[in-house]
Structures are given as C-alpha cells and as structure tokens.
Amino acid sequence: MAGLPVHTAADGRQLVNRVGGQTGCVRNQYLNPVSFTGSRMPDLERVVDVPVRRSRFDPDTHDGPVVAVRPDLKQIQAAPQPHFHRKGQLVVTRRGSVTCQVESGIWLVPPNFGVWIPRGMLHSSRVSSGGEVLMLFLEPDVAAMPDTCCTLTLSALVLELICHLAKQSQHYASDSPTGRLAVVLVEQLATMPVEYLHVPISSNPRLRRIATELAADPANRRTAAQWAARVALSERSLSRLVIAETGMTFGRWRRQLRLIVALQKLSVGTPVQRVSEDLGYESVNAFIAMFKSVFGRTPGHFFRRERCDGRIDGRSTDD
Numbered sequence: 001m002a003g004l005p006v007h008t009a010a011d012g013r014q015l016v017n018r019v020g021g022q023t024g025c026v027r028n029q030y031l032n033p034v035s036f037t038g039s040r041m042p043d044l045e046r047v048v049d050v051p052v053r054r055s056r057f058d059p060d061t062h063d064g065p066v067v068a069v070r071p072d073l074k075q076i077q078a079a080p081q082p083h084f085h086r087k088g089q090l091v092v093t094r095r096g097s098v099t100c101q102v103e104s105g106i107w108l109v110p111p112n113f114g115v116w117i118p119r120g121m122l123h124s125s126r127v128s129s130g131g132e133v134l135m136l137f138l139e140p141d142v143a144a145m146p147d148t149c150c151t152l153t154l155s156a157l158v159l160e161l162i163c164h165l166a167k168q169s170q171h172y173a174s175d176s177p178t179g180r181l182a183v184v185l186v187e188q189l190a191t192m193p194v195e196y197l198h199v200p201i202s203s204n205p206r207l208r209r210i211a212t213e214l215a216a217d218p219a220n221r222r223t224a225a226q227w228a229a230r231v232a233l234s235e236r237s238l239s240r241l242v243i244a245e246t247g248m249t250f251g252r253w254r255r256q257l258r259l260i261v262a263l264q265k266l267s268v269g270t271p272v273q274r275v276s277e278d279l280g281y282e283s284v285n286a287f288i289a290m291f292k293s294v295f296g297r298t299p300g301h302f303f304r305r306e307r308c309d310g311r312i313d314g315r316s317t318d319d
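Residue 315 in my numbering is what sits at position 315 of the sequence shown, and the numbering runs on without skipping anything.
Everything labelled a hint here was simulated from the structure, so no lab data went into it.
Every residue, glycine too, gets a C-beta built ideally from N, C-alpha and C.
Some hints could be false.
Each computed SDA-like pair below joins lysine to any residue, with the alpha-carbon atoms no more than 25 angstroms apart [unchecked claim]: (1) Lys292 to Asp278; (2) Lys167 to Ala190; (3) Lys292 to Gln273; (4) Lys265 to Glu277; (5) Lys265 to Val194; (6) Lys167 to Ala156; (7) Lys292 to Gly105; (8) Lys167 to Leu181; (9) Lys167 to Thr153; (10) Lys265 to Thr212; (11) Lys167 to Arg86; (12) Lys265 to Ser104; (13) Lys167 to Arg180; (14) Lys265 to Arg222; (15) Lys265 to Arg70; (16) Lys292 to Val194; (17) Lys292 to Arg255; (18) Lys265 to Asp217; (19) Lys292 to Pro193; (20) Lys292 to Leu159; (21) Lys265 to Arg304; (22) Lys265 to Arg297; (23) Lys265 to Glu132; (24) Lys265 to Gly280; (25) Lys167 to Asp60.
The following label-pair restraints were derived from C-beta to C-beta distances [unchecked claim]: (26) Asp147 to Glu187: 16 to 24 angstroms; (27) Ile243 to Gln188: 32 to 40 angstroms; (28) Ile243 to Lys167: 45 to 53 angstroms; (29) Thr153 to Thr270: 15 to 23 angstroms; (30) Ser283 to Ile243: 25 to 33 angstroms; (31) Val294 to Gln273: 16 to 24 angstroms; (32) Ser283 to Pro177: 46 to 54 angstroms; (33) Ala190 to Asp60: 18 to 26 angstroms; (34) Ala244 to Val294: 19 to 27 angstroms; (35) Asp147 to Gln188: 18 to 26 angstroms; (36) Ser293 to Ala224: 16 to 24 angstroms; (37) Ala216 to His164: 37 to 45 angstroms; (38) Leu233 to Asp147: 32 to 40 angstroms.
Full structure from sequences and hints, please.
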C-alpha cells in the first residue's frame with residue numbers, strides 16, 4: 001500500500017484512495033475489509049452514474065477552499081463505486097434527480113436541491129438519465145456544515161452563486177471578485193433548511209426484502225402483520241426490528257420509501273396522476289394532500305423553482 005493516501009472516514013475507519021479507470025473514479029478499500037451495506041440496495045428508478053473525470057479536475061488535490069464544478073456527463077458507468085472525498089461535497093441537481101447512497105440510507109435530491117456529503121463519508125451518487133448536476137467542494141474549516149448526510153433546500157441566491165462559481169476558474173485569489181462571492185456563498189449555505197428526503201436502509205435481510213418489494217411495487221397494501229408473516233416474524237418483532245434498524249415506525253418507514261419513489265418519478269416529469277396511481281392512492285387529490293402535508297406545498301409548487309439562467313421553470317403538473 002506504499003504511496004497510497006490513507007484518510008479517516010466520518011465513522012472513524014481508515015480508507016485507502018485508489019484511482020481506477022479512465023474516468024478517474026475514486027475506488028476505496030477498507031484497511032479492515034467490511035461490506036458496504038448500502039451497495040446492494042435496489043434501484044428505485046432506472047438511473048446511471050455520473051463520475052467526475054479526474055483528467056479534468058481532482059477536488060481532493062485542489063487547494064481551493066470553495067470550488068464549484070459542472071461535471072462531464074458524457075462518460076457514465078452503469079454501476080458506481082462507493083467512494084469518499086477529503087473535502088465536504090454538495091451535489092446539486094439542476095434537472096432530473098440524484099440519489100446518493102451511504103451506509104445508513106438513500107438520499108433523494110430533486111431539482112434545485114442539494115445533498116450534503118461530509119468529508120470522508122463513503123457514498124455513491126447516481127443521476128437520472130438526462131439529468132444535470134453541479135458539485136461544490138468545501139474544505140472542512142471554511143463552513144459550519146452538518147456532520148451527517150442531509151438534503152438541503154437551496155435558495156435562488158445560493159443556486160445562482162453555485163452556478164456562477166462553476167463557470168469561473170477554479171484558481172482564484174481570496175480577495176478577488178470570485179473569492180468574495182465564495183465567502184457569501186459559504187455564509188448563505190450554512191443557513192439553508194434541511195429536508196428529510198431520505199429513507200433509512202438496513203443490512204438486515206428481512207427488511208431489505210421488504211424494501212425491495214415495496215420499491216418494486218409501492219402501491220402494495222399489505223399490512224404490517226402481513227409483511228411480518230411474509231418474513232417469518234411476529235408483528236411485534238417486525239415493529240421492534242424496524243425501529244431498531246431505521247429509527248422509524250413501520251408505517252413511517254414505508255411512507256418515506258413511497259415519498260422517495262414519488263419524488264424520483266415527479267422529478268423526471270411523470271404526471272402527478274400517474275404517480276398517485278403507481279403509489280396506490282385512490283385519487284390524485286389524496287396524493288396531493290399527503291404530499292402537501294409532508295412538504296408544505298403541492299408537487300407543482302415543489303418543483304417550480306428558479307433556474308440558473310434566470311428563467312423560471314414553470315412546469316406544473318397539478319395546478
């Protein structure tokens with residue numbers, strides 16, 4: 001392992017950076033091999049990986065405290081490798097959706113939201129076909145960001161600043177116009193509200209079986225007792241297992257998984273009527289009411305956000 005940089009992950013384990021392939025994806029090995037429990041979670045939607053091409057930019061060797069990039073989406077991989085960065089990373093979706101998978105769960109990033117990935121956290125990110133993303137890399141000491149993975153609601157100002165920085169040279173002086181804008185971005189970013197757009201996942205085979213079947217058929221109406229019988233548990237044992245593994249009740253865990261499926265479908269333009277049917281709602285109004293109870297706004301308003309070019313994305317599917 002001589003010559004390979006060793007870093008400490010967010011959970012305290014030591015990781016070794018390995019560069020592989022022409023795309024320059026960072027592949028990682030644990031010094032004490034363990035399984036990446038989230039790596040076999042079934043896809044909730046047909047998605048493809050978008051690696052950052054190391055031949056153009058390596059965020060971990062760049063010494064800039066705040067760097068924004070628009071990754072090259074032409075080269076893709078069907079199966080992304082879990083990897084980590086020395087810097088904290090914000091993955092911003094401009095079009096389509098991104099799913100970020102860490103050991104503890106799957107995070108969904110609709111258009112104009114961002115998923116924050118702390119430094120050293122093992123993860124893999126996928127973007128929906130035809131999607132568009134921006135990536136922001138932050139040195140650990142420049143921003144008061146969360147130490148856990150989370151989805152952030154990004155204001156129009158923050159989005160515009162990230163878009164602008166991604167168009168600038170990645171080498172800039174701290175007292176330059178770009179440097180001063182970076183300071184404003186960091187200050188604003190720390191105030192962005194968190195959205196709970198994730199579903200906890202577990203290495204427990206019984207829960208993974210339930211998650212797999214629910215992802216494939218989110219309209220499934222089996223009760224907790226019926227699911228328990230299906231995986232050879234009592235209803236009480238299943239309830240205790242779900243709480244222990246995810247921190248949620250069975251009903252909330254199932255609703256959260258359905259919400260992630262719904263957001264993925266809506267973010268690629270699937271009509272609300274079709275999504276409500278796919279999720280087993282009796283009417284589109286019932287689905288919209290549930291969505292609004294969680295997010296405080298209808299699906300149409302949720303996805304109608306300002307674009308980087310100054311236009312408003314007026315796509316509305318329910319009003």
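Hints and how they fare:
1. Using a Cα cut-off of 25 angstroms, the hinted pair Lys292 and Asp278 holds, with the two alpha carbons roughly 18 angstroms apart.
2. For the given pair, Lys167 sits about 22 angstroms from Ala190 by alpha-carbon distance, which is consistent with the 25 angstroms threshold.
3. About 15 angstroms separates the Cα atoms of Lys292 and Gln273, which keeps this hinted pair within 25 angstroms; it holds.
4. The suggested pairing of Lys265 with Glu277 holds, with an alpha-carbon distance near 12 angstroms, which does not exceed 25 angstroms.
5. Between the alpha carbons of Lys265 and Val194 the distance comes to roughly 21 angstroms, so the proposed pair stays at or under 25 angstroms and holds.
6. Among the hinted pairs, Lys167 with Ala156 is consistent with the structure: their alpha-carbon atoms are about 17 angstroms apart, no more than 25 angstroms.
7. A distance of roughly 23 angstroms separates the Cα atoms of Lys292 and Gly105; the hinted pair therefore holds under the 25 angstroms criterion.
8. Between Lys167 and Leu181 the CA atoms are separated by roughly 13 angstroms; this keeps the pair inside 25 angstroms, and the hint holds.
9. A C-alpha spacing of about 22 angstroms is found between Lys167 and Thr153, which places the hinted pair at or below 25 angstroms, so the restraint holds.
10. A distance of roughly 17 angstroms separates the Cα atoms of Lys265 and Thr212; the hinted pair therefore holds under the 25 angstroms criterion.
11. For the hint pairing Lys167 with Arg86, the CA-to-CA distance comes to about 23 angstroms; that is within 25 angstroms, so the pair holds.
12. Straight-line distance between C-alpha atoms of Lys265 and Ser104 comes to about 23 angstroms, which keeps the hinted pair within the 25 angstroms bound.
13. Taking the CA atoms of Lys167 and Arg180, the gap is near 15 angstroms; set against the 25 angstroms cutoff, the hint holds.
14. Between the alpha carbons of Lys265 and Arg222 the distance comes to roughly 22 angstroms, so the proposed pair stays at or under 25 angstroms and holds.
15. A threshold of 25 angstroms between alpha carbons decides the hint, and for Lys265 with Arg70 the separation of about 24 angstroms falls inside it, so the pair holds.
16. Distance check on the hinted pair: Lys292 and Val194 sit about 17 angstroms apart at the alpha-carbon level, within 25 angstroms; holds.
17. Proximity of Lys292 to Arg255 is assessed by CA-CA distance (about 14 angstroms); at most 25 angstroms being required, the pair is judged to hold.
18. Taking the CA atoms of Lys265 and Asp217, the gap is about 13 angstroms. The hint holds against a cut of 25 angstroms.
19. As the CA atoms of Lys292 and Pro193 are separated by approximately 17 angstroms, the hinted pair is consistent with the 25 angstroms bound.
20. Among the hinted pairs, Lys292 with Leu159 is consistent with the structure: their alpha-carbon atoms are about 24 angstroms apart, no more than 25 angstroms.
21. Using a Cα cut-off of 25 angstroms, the hinted pair Lys265 and Arg304 holds, with the two alpha carbons roughly 15 angstroms apart.
22. Straight-line distance between C-alpha atoms of Lys265 and Arg297 comes to about 17 angstroms, which keeps the hinted pair within the 25 angstroms bound.
23. Of the supplied pair hints, the one linking Lys265 and Glu132 holds, its CA atoms being roughly 16 angstroms apart against a limit of 25 angstroms.
24. Taking the CA atoms of Lys265 and Gly280, the gap is about 14 angstroms. The hint holds against a cut of 25 angstroms.
25. Distance check on the hinted pair: Lys167 and Asp60 sit about 19 angstroms apart at the alpha-carbon level, within 25 angstroms; holds.
26. The hinted range of 16 to 24 angstroms is satisfied by Asp147 and Glu187, whose Cβ atoms lie roughly 19 angstroms apart.
27. Range check, Ile243 to Gln188: Cβ separation about 37 angstroms, and the 32 to 40 angstroms hint holds.
28. About 47 angstroms separates the C-beta atoms of Ile243 and Lys167, a value consistent with the hinted range of 45 to 53 angstroms.
29. At roughly 22 angstroms, the beta carbons of Thr153 and Thr270 sit within the given window of 15 to 23 angstroms.
30. Remark: the range hint 25 to 33 angstroms for Ser283 to Ile243 is upheld by a beta-carbon distance near 31 angstroms.
31. Taking the beta carbon of each, Val294 and Gln273 are about 19 angstroms apart, inside 16 to 24 angstroms as hinted.
32. Distance hint for Ser283 and Pro177: a CB-CB separation of about 52 angstroms, consistent with the stated range 46 to 54 angstroms.
33. Against the hinted window of 18 to 26 angstroms, the Cβ-Cβ separation of Ala190 and Asp60 comes to about 22 angstroms, which satisfies the hint.
34. Separated by about 24 angstroms at the C-beta atoms, Ala244 and Val294 satisfy the suggested range of 19 to 27 angstroms.
35. For Asp147 and Gln188, the Cβ-Cβ distance of about 19 angstroms falls inside the hinted range of 18 to 26 angstroms, so the restraint holds.
36. Separated by about 21 angstroms at the C-beta atoms, Ser293 and Ala224 satisfy the suggested range of 16 to 24 angstroms.
37. Between Ala216 and His164 the beta carbons are some 41 angstroms apart, a value that agrees with the proposed interval 37 to 45 angstroms.
38. Range check, Leu233 to Asp147: about 34 angstroms between beta-carbon atoms, so the 32 to 40 angstroms window is met.
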